[in-house]
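**Student:** Here is what each chain is made of, one letter per residue.
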Amino acid sequence: MYKNGEAALDRILALVEKCPKELREKCFEVLLSGYVQMEVGTFKPTTLPPTIHVGQQPSLQPPQPESNIPQAVLPRFKNTAKRIGVGLEKLEALFDFNTDPFGLHALTVPGKNKAEKTRSVALLAAARSYLATGAWSADWQEVKSLCVDQNCYDLANYSMNLKKGTGTLFKSVEPGKPIELSSGGIKEAEKLLKALTEGGSE
Amino acid sequence: MTPSSEQLEAFLEKLMELDRELARLKGAQVRKGNLLSDIKVTSKEWLRLSAALRAAEALPAENLDPIDTSIKGILQSTNLNTRSSAYRTKLTSALSSFIDKVVIPVIRHEGNPTQVASRQLLAAFAGKVSSDELGYLEESARCLASRCNRAAIILLWAAAISRIHSAVEKIGFNAYNLALDKTTQKKGSPFNKVFKTAVASLPELQRSRDYDLLVVGMDLWKYDLQVFEELDRLLGIRNSAAHPGMLKPTSLDVQQYASKIAAYVFSVIPA
Chain P
1 MYKNGEAALD RILALVEKCP KELREKCFEV LLSGYVQMEV GTFKPTTLPP TIHVGQQPSL
61 QPPQPESNIP QAVLPRFKNT AKRIGVGLEK LEALFDFNTD PFGLHALTVP GKNKAEKTRS
121 VALLAAARSY LATGAWSADW QEVKSLCVDQ NCYDLANYSM NLKKGTGTLF KSVEPGKPIE
181 LSSGGIKEAE KLLKALTEGG SE
Chain E
203 MTPSSEQLEA FLEKLMELDR ELARLKGAQV RKGNLLSDIK VTSKEWLRLS AALRAAEALP
263 AENLDPIDTS IKGILQSTNL NTRSSAYRTK LTSALSSFID KVVIPVIRHE GNPTQVASRQ
323 LLAAFAGKVS SDELGYLEES ARCLASRCNR AAIILLWAAA ISRIHSAVEK IGFNAYNLAL
383 DKTTQKKGSP FNKVFKTAVA SLPELQRSRD YDLLVVGMDL WKYDLQVFEE LDRLLGIRNS
443 AAHPGMLKPT SLDVQQYASK IAAYVFSVIP A
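Sequence lines, in order, name chains P and E. Using my numbering, the letters of the first sequence map in sequence onto residues 1 to 202. Using my numbering, the letters of the second sequence map in sequence onto residues 203 to 473.
If you're looking for bench data, these hints aren't it; they were derived computationally from the structure. Virtual Cβ for every residue (Gly too), placed ideally from N, Cα, C. Treat each hint with caution, since some may be false.
Claimed, not checked - Covered stretches of chain P (chain E as the covering partner; in silico rule of three or more C-beta atoms under 8 Å from a C-beta of chain E): (1) 97-104; (2) 120-134; (3) 145-151.
As the list claims (entries may be wrong) - Covered by chain E, per the in silico footprint, the following chain P stretches (three or more residues, Cβ under 8 Å): (4) 68-82; (5) 170-181.
Stated by the list, open to error - A short, non-exhaustive set of chain E residues, derived as facing chain P with CB atoms under 10 Å: (6) 313; (7) 314; (8) 316; (9) 326; (10) 439; (11) 455.
Given the sequences, and given the hints that come with them, work out the whole structure.
**Tutor:** Below, the structure is given as C-alpha cells:
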C-alpha cells in the first residue's frame with residue numbers, strides 16, 4: 001500500500017498548483033482522497049449515464065421480449081396464460097399472428113380416434129375464438145376445416161362425433177350453428193391449451 | 203350465395219344414391235321415368251351449384267370443369283336410350299374427384315379465419331336486430347370477409363343509426379323534439395354542442411347529425427354519459443374509417459367494434 005506514495009503526492013501537488021488559489025485546498029483534498037481510495041480498493045469509477053439520443057425515451061424497464069399478440073386481445077392472452085400456468089410466450093407460440101385475424105399454427109391435436117380428435121379440434125377452435133372475441137364457442141365450419149387439416153374429418157359421422165360431446169363438453173350441437181362450450185368443456189379446452197404449450201398432445 | 207359444404211355434402215349423397223340406383227339395373231337401359239327424372243333434377247342442381255361456386259370464386263375453375271363435363275354428359279344422355287352402365291361411367295368420374303376437388307376446398311374456404319370472423323360478427327347480433335338492420339350487418343360481414351375493414355365499420359354504424367332512426371320513429375317526432383328542447387337547455391358539453399333542429403319527418407331526421415341523436419338519446423332512452431361517450435367514440439371511429447387517413451383497422455378491430463355496437467346500441471335502444 002502507498003508503494004508509489006511519494007510520486008503520487010508530487011503529481012497531486014503539481015496538479016493542485018495549476019488550480020486557482022481559492023480552490024487549491026479543496027482540489028488537494030479531492031485528489032488525495034481519490035488516491036487513497038484507489039490504494040485501499042474502495043474506489044469506484046464514476047459511470048456515466050447511457051447516452052440518450054434526441055427523441056429517444058429513457059427506458060425505465062428492461063426490454064421485454066417482442067410479442068406479436070395484438071393489443072386488443074393481449075389481456076385475454078395474459079389472463080389465460082396465467083390461469084393455465086404457462087408462460088405468455090408459450091401460449092403465443094400456438095398461434096399465427098401474421099394473418100389477420102390470427103389463426104392456429106400447425107399442431108397435432110390429441111385423440112385416440114377420429115371422433116375424439118374431432119371433439120378436441122372443437123375445443124381448440126373454441127379456445128381460439130375465446131382469445132379473439134371472448135366467447136367460448138367454436139365455429140362449425142372452422143372446426144370442420146381444422147378436422148380436414150388434422151385428418152380426422154369423417155364426412156358421414158362428423159355431426160354425430162360432435163354430438164357425443166353434448167353435456168360434458170358442449171352445451172348443444174346443431175349442424176351449422178356455433179358450438180358453445182359448457183363449463184366442463186372450457187376446463188378441457190384450457191387443459192388442452194396447456195398440454196399443447198408443453199408440447200404434449202396425448 | 204355460395205353453396206355451403208353442407209349443401210355440397212348433401213348433393214354428394216344424392217349422387218351416391220343415384221349411383222346405387224343405377225347399379226341395381228346391372229347395366230340395363232334406364233327406362234323408369236322416376237329415375238330419369240331424378241337424374242335430370244340432380245344434374246341440373248349440380249349445374250346451379252357449380253355456377254354459384256364459380257361466381258363466388260370459392261374454388262378454382264379447373265376443379266369444377268371435369269365434374270361439369272361429366273354431369274352435362276349425364277344430362278344429355280337422358281334424351282337418349284342410355285344404359286345404366288354408361289351413366290355410371292360418367293357418374294364415377296364425377297364422384298371420384300368430388301370430395302377432393304369440391305367439398306374439401308369449400309370446407310377450407312368456409313373455415314378460413316376471415317370467414318369465421320365474418321360469421322362471428324353476425325352472431326353477435328343474433329336475435330337483436332330487425333330485417334332492415336340485418337341487411338346492413340350482412341353487408342358489413344361480407345366486407346369483413348373480403349378484408350374491407352373500413353367499409354365493414356361504416357356499415358356497422360349504418361346499422362346502429364338505422365336502429366336509432368326507427369326507435370325515434372316509434373316514439374314519435376314530438377317526443378324527439380321535446381327531448382331535443384330539454385337537451386339544448388342543459389349547460390355544458392356535450393349538450394351545448396347540439397343543433398336545435400326540430401324534425402317532423404324521417405327525411406328531416408335523416409338530415410340530423412348523428413352526434414345530436416346520440417346526445418338526445420340520453421334523454422330518450424335513459425342511457426348515461428358514459429354510454430354516450432362510448433357511442434361518441436364509436437362515431438369517431440366510423441368517421442375515421444370513412445375518411446382518408448392512416449387508420450388500418452384489423453379484423454379484430456372490426457369484431458370489437460361490432461361487439462360494442464351490439465352492446466351499446468342494440469341492447470340499449472329498443473327496436
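**Student:** Are any of the numbered hints broken by this structure? If so, which, sorted upward?
**Tutor:** The structure conflicts with hint 10 only, although it agrees with all the remaining ones.
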